[in-house]
Amino acid sequence: MAPRFSRRRHGTVWCDEPAIVTDTYPPAPPPATRTARPSRVQLFATCLVDRFFPGVGHATVAALERAGVDVHVPADQTCCGQPAFNGGFIDEARAMARQTIDVLSASADPVVVPSGSCADMIVNHYPELFVGDAAYGPKARELASRTYELSQFLVDVMGASDPGSRTSARLAYHASCHGLRGLGLRDAPRQLLSAATDGQCADLPDAETCCGFGGLFAIKMAPVSNAMLQSKIDSIESSGAEAVVATDVSCLMHIGGGLRRRGSHVRTMHIAEVLTGSDHE
Amino acid sequence: MSESTSHDSTPDSSPAHGQTAHSPAHGAAAHSHANAHIAGAAFHTRIDSALADGKLHQALSMTTGRLAAGRASAFAALPDADALRDAAQRIRAHTIAHLDRYLVEFTTNAERLGCRIHWAETAADAARAVVEIAQASGVSLAVKSKSMLTEEIELNTALESAGIRVVETDLGEFVVQLAGDRPSHIIAPIVHRRREDVAALFREKLGATADEVATIPAMTAFARKTLRGEFVNAGMGISGVNLAVADTGSLCLVTNEGNGRLTTTLPRVHVALLGLERLVPTSADLGVVLQLLARSATGQAMPVYTNLLTGPRRRPSDTDGRGEPDGPDQVHIVIVDNGRTRLLGSELAEILYCVRCGACLNVCPVYRQIGGHAYGGVYPGPIGSVVMPGIWGLDAWSELPQASSLCGACRDVCPVRIDIPRLLLKLRAQAVRESLAPLWLRLGMRAFAAVATRPAIYRYIGNLVGRLGAAVARDGWLTGLPGPLAAWTSSRDFPAPAAKSFTQSWRPKRRSERARA
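These protein sequence lines map, in sequence, to chains A and B.
Residue 252 in our numbering sits at position 200 of the first sequence, with consecutive numbering throughout.
Residue 506 in our numbering sits at position 404 of the second sequence, with consecutive numbering throughout.
Bound conformation, chain B alone (with noise of 0.2 Å):
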């Protein structure tokens, strides 16, 4: 699925791009600290960047608006909400917990439909089993419908480095790849693109006259007739899955522009990237969670195109001596596991539910101030926020479950409940315990400790804190604080502590005071 609205930054001043410390398809697990204390400072330089550019928050607010605003009216009107999302959580959860089970019904339901299956341990097994399909069938060009796998396993790197062109067919992915870029967001890859940016690089790269980039619609125009072209021409189509369905086999693929149709079933070959934990049991299971995907990612009561594609094209001889005249001769599913298997069983096993809808970004607070690319990793927001650290390593990701002031607004939108506050409580658990706290933190939080469970000593020091408060203090605030407090009064003002506490001026009435007041 997809929005297209496109608004304006400069990722190209990101220092996130060529930092491949950060990409996933290279592997985390030989991170250093060393190496997590850059990627922080790194990510600390992105944030700045990002606060800075007003056009990008003018973007940001507008469409991460538009979508929450969107998704807030279609579950208003949707009966049965709650129950539903209860479901879909049931649905997932139980899929998770069996999925060994449930992927061999698949993969044996789909082959038996005459799909090709293939298991890639990591990204670069995924890469290579897509570039060797396309090899094997002798592909030159490939077609690509949007995918966030894709850009985990970096595809079309791959791709391209064996001599194939590819060419993505998702408006707004069209533009990232024009523009190489990287998308922004899980749903709506240029959210943070102004619509005049797309029309200077229409006419920059692909020579697009002053009319057909006039108006959204008339740019649309132009950009489907570049693509219809390699639609017609394209060996291979790559597509990514939305859900897989165990008990038919068949594939579930849900767009708004109908690329994605057009992916799968116009080219010869059809390579199908499935995220191993994409599963649901049965159509019923299915129609549960579709009830609230579209919902969730746009506020649209179903996608446009919901394909539900249920092996390659069958022969005459399958079906009652007619055979379809339409699909793939061959479809090849190549299911990823990246690291997602390292989470089953683990207290962050509840990420896996996820079916990568976007609302979470949507109604982030933090999200809406910094933007996907700020985070540095494939999945922005507070998904990401879980799943890079969970899957790819806290080391190399150990500020992003930082990244949130734990107002729960995700939790609230999440249509299969994921506890994400829950889920960046235990990885920043996780990361004290590997010491990837800093000194004054760790030092200053066992003092506080120390001090707290003794509370004789609590009021002693507090006492002594109250009196320098009040004797510093201007009206009752601070406006500078020594150490790593100063981040605080950078911006804000900071309240004088009270000469005396609360607990020290509280005495308790007696009956009688109390029956006059």
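Just chain A, same shape as in the assembly (with noise of 0.2 Å):
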């Protein structure tokens, strides 16, 4: 549909001119492709779910095999340098993502991430690292294209939005700011989330407001983090619901560790974990 201002001037004049900005990037990439269903993926566990929640992995490993694809894990896989690029330290995050571009460019299997916070920074931070790097430039650019978050990659890869396994659990959403934002990441999970609850899993109210994480932002502005979270949970609390569902254990670890201090009986659920019918907890 055409806007209310005149097509020949914004369209032709505005547009032609350079602006001073060169490198930016869009906040959000094209919708996948569903060109072919791959056969085989690599799974880029991120440095939590490998550490902290290891049972979020196999359920990620076991959605994707229900799905129909073979699941590989690089060994040498580590972190994905967020926390760094995040706090500034550009050095530290490149070196990190030349790492994990390197142990994932090893195969050119699609990368699957249960984070849509980790493959946002691979699909849209990485390129920018290496902006007129001729090396790892079109290796960042290369992997960014066939990096997706999990629900992302089960619905527009695989077609697959019905995982087929039903939980009679009351199921509340919160959606992950950069999955949500960096990822364009909306329909995705909801889509799993309601076949998996034969519709029942809801938004929180406030669904789409930050639970207060942001990595360093937890410790060094720990105060507004903290009211953040309290926010949070008062909306999960408020809900009825009897775990909150999320695609990033980052946020489900913020959220968790406030509703356990607050003594809450809610818990947490990754979004693999409901697909599975499996609980970390």
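Calculated from the structure, these hints are not laboratory results.
Just so you know, not all the hints are guaranteed correct.
Stated by the list, open to error - Which residues of chain A face chain B? A few of them, derived with a C-beta cut under 7 Å, are: (1) Ala-259; (2) Ala-274; (3) Ser-290; (4) Ser-291.
Stated by the list, open to error - Per label pair, the in silico range of CB-to-CB distance: (5) Val-183(A) x Asp-202(B): 25 to 33 Å; (6) Asp-286(A) x Gly-447(B): 40 to 48 Å; (7) Gln-282(A) x Val-406(B): 32 to 40 Å; (8) Gln-282(A) x Arg-556(B): 37 to 45 Å; (9) Asp-286(A) x Gly-265(B): 50 to 58 Å; (10) Pro-257(A) x Val-406(B): 28 to 36 Å; (11) Gly-329(A) x Val-406(B): 43 to 51 Å; (12) Gly-251(A) x Gly-156(B): 35 to 43 Å.
Unchecked claim - Far from chain A, by Cβ distances over 10 Å, these chain B residues were calculated: (13) Val-233; (14) Glu-262; (15) Ile-266; (16) Arg-330; (17) Asn-335; (18) Arg-442; (19) Ser-507; (20) Ala-539; (21) Arg-544.
Ideal placement from N, C-alpha and C gives every residue a C-beta, glycine not left out.
Hints given; two lone chains; assemble the complex.
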């Protein structure tokens, strides 16, 4: 639909003029193309899942295998570097990004990440980190083009919007920020959760408001981070849900830590655990 | 534009007051790193007092929630909202990329209309220019419509020390001035005050009767009555400029109270303060941005008053012998740099696209917790966290870019699509380059990167941490962490690391096993 202003001026004159900012990356990549369904994927588990929530890693493997792909877990994977990048430590972030790019470029298989935030790091920030780098620039863009968050991969690439499993638990969904706003992850996780709960899974009140984690922000700005967390927990408790579900264990460990400190009985579940009927607690 | 909802807080207890180190009007280039740490400590103290203020929190969530919901429904009802935002971004990007050209075009056209242009490099230059204009015209009373730029250059202080009385006529700013306060929001200056506090203030400072402050309409009528006399007697009207139009030399000023129109037409001298980035090339471009401005700010399709001021009052000889009955005899436009040109061509140039709608404040989960005063500067919230350190130096403002979880809600609502999180990351990287990050973090991050780029060592240390964590954890959780990490466990539990990691416990299945699974 044509916007209500002159196309001639805005479509031609202004568009052709280069702006000063030349290394801007769009906040969201183009939606995943549903071409050929891959038969094999690499799992980038993320450092948090690997060391703190191994059960989520196993659930992710199970969900992927149920969707019909072989899962390979590259042994030398560590951390994507997002903590350094978000803290402004660009050299350290680049070092960790190079490590991750090398590990995930040994194979050309798509990469699946059980975290919207770490996937956003690879998809949107790796290319930005290596602008002008002849060696890693092309590698970063290539890796970004075949990296997916778990629910995005299941729904958009595999066309598997029904996980096949069913749970009767009362679940409420929290939309993690980087997946939501960085990857445009709106429908895929909700479709999967809706199918797994026969339409019972609802959004939390203010589901798209940040829980206050923000990585180092939770330490450096702990009082504000905690105030945001308490608002989130108020929403969770008012929802009447038995468990809060998200695509990221980072948000869930923050929310879970707050729920536990408050003595709440509400649990946290990663979306992979809902899809496979497992539970990391 | 202004919102005048009032709520409560205790601004006088804020250590921000009287902190000249935080005033951009006094320049920031000279601050040492030691000052940066003092400024950082003050920021954390202000945050703590804001968080402890239950009434402030209530007021903030109510008003920011209402404004954000208004914005959301206005945009939902706007066809082509995304295309409009794309166009507005292109217009602003183009203008900033060619600012030299459009400043010349604008000033040439404005001078042709009879406006007088004053260039001000610093805040002090700008304030001095206004004082000199007032003195040259023998002005002793000036009325003002709302302008954040005049807050930035501390104009009221300059005018008052020159013996010129100045009266704020925007209702919110009127309250701010009466209370000796500062605005805490770009468009809703007294978002932090409750109506009963405004009532008490009117009774105390203006001698209002109980009836005159019984309801909000009564208070508004009372303020209106008080201000009418000032409008009539003022020799000078001072306004900001929302956007200046280069090809016509016009000034666009939007308000919701009509005070802007009185300020710019009734007194014989009008002084407009224009931030030098606030231009659009043509009236058609203005039309694009105006479709977004009020919707972003308050959820209104248009502001109540949209003024296009094109030169001073025309004399009979100017227009077919009849002239214009209303309008000022003189229009002065003070074009203020005050550090803005430092951003041109830099990695932060995008922040100059900003049209000061305040939408990013209303959706920011940090602003909604701490309010505007905690930020300590003229411009609060996400936009302020880029503008303050970007224009006036990271030394004095290094903590502001840290005050974000990078959730991206600000980017989602910006009418000119400024990628604020990306700019915050640029500033954080700059802070690390300038060694403004704390030592524990610098060392910790270096060590983490060294380990994470050596997978065997990473696994070895991970296993040590895992075994240690599993040994001290209770039910899989830790309730106290050492060192800087104690900031987490002061209010939240932390999950214990697993004794066996996922990559250790995962084994590729054989094809036969997968078939059974």
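Verification of the supplied hints:
1. Given the 7 Å rule on beta carbons, the hint for Ala-259(A) is violated: about 13 Å separates it from the nearest Cβ of chain B.
2. Because the beta carbon of Ala-274(A) sits about 4 Å from the nearest beta carbon in chain B, less than 7 Å, this interface hint is met.
3. A distance limit of 7 Å between C-beta atoms decides the matter here; for Ser-290(A) the minimum to chain B is near 14 Å, and the interface restraint is violated.
4. Evaluation of the Ser-291(A) hint against chain B yields a violated restraint, the C-beta minimum of about 18 Å exceeding 7 Å.
5. In this structure the supplied range 25 to 33 Å holds for Val-183(A) paired with Asp-202(B), their Cβ-Cβ distance being about 27 Å.
6. Under the hint 40 to 48 Å, the C-beta atoms of Asp-286(A) and Gly-447(B), about 46 Å apart, fit the expected range.
7. The given range of 32 to 40 Å is respected by Gln-282(A) and Val-406(B), whose C-beta atoms sit roughly 38 Å from each other.
8. At about 39 Å, the CB distance of Gln-282(A) to Arg-556(B) agrees with the hint of 37 to 45 Å.
9. Between Asp-286(A) and Gly-265(B) the beta carbons are some 53 Å apart, a value that agrees with the proposed interval 50 to 58 Å.
10. In this structure the hint that Pro-257(A) and Val-406(B) lie 28 to 36 Å apart at CB holds, the actual value being about 33 Å.
11. Take Gly-329(A) and Val-406(B): their Cβ atoms lie about 57 Å apart, and the range 43 to 51 Å is violated.
12. Between Gly-251(A) and Gly-156(B) the C-beta distance comes to about 39 Å, which sits within the given range of 35 to 43 Å.
13. Every Cβ of chain A is farther than 10 Å from the Cβ of Val-233(B); the closest lies at roughly 35 Å, confirming the non-interface assignment.
14. The claim that Glu-262(B) lies off the interface holds: its Cβ sits roughly 36 Å from the closest Cβ of chain A, which is beyond the 10 Å cut-off.
15. In this structure Ile-266(B) is separated from chain A by more than 10 Å, as the shortest Cβ-Cβ distance comes to about 39 Å.
16. With 10 Å as the threshold on Cβ separation, the claim that Arg-330(B) sits away from chain A holds: the shortest Cβ distance comes to roughly 39 Å.
17. At roughly 43 Å, the least C-beta separation between Asn-335(B) and chain A is larger than 10 Å, which holds for a residue marked as non-interface.
18. Distance check on Arg-442(B): its Cβ is at least 13 Å (rounded) from any Cβ of chain A, clearing the 10 Å threshold; non-interface status holds.
19. Not every Cβ of chain A is farther than 10 Å from the Cβ of Ser-507(B); the closest lies at roughly 3 Å, contradicting the non-interface assignment.
20. At roughly 7 Å, the least C-beta separation between Ala-539(B) and chain A is not larger than 10 Å, which violates its mark as non-interface.
21. For Arg-544(B), the shortest C-beta to C-beta distance to chain A comes to about 8 Å, within the 10 Å cut-off, and the non-interface label is violated.
The structure shown violates the earlier hints numbered 1, 3, 4, 11, 19, 20 and 21.
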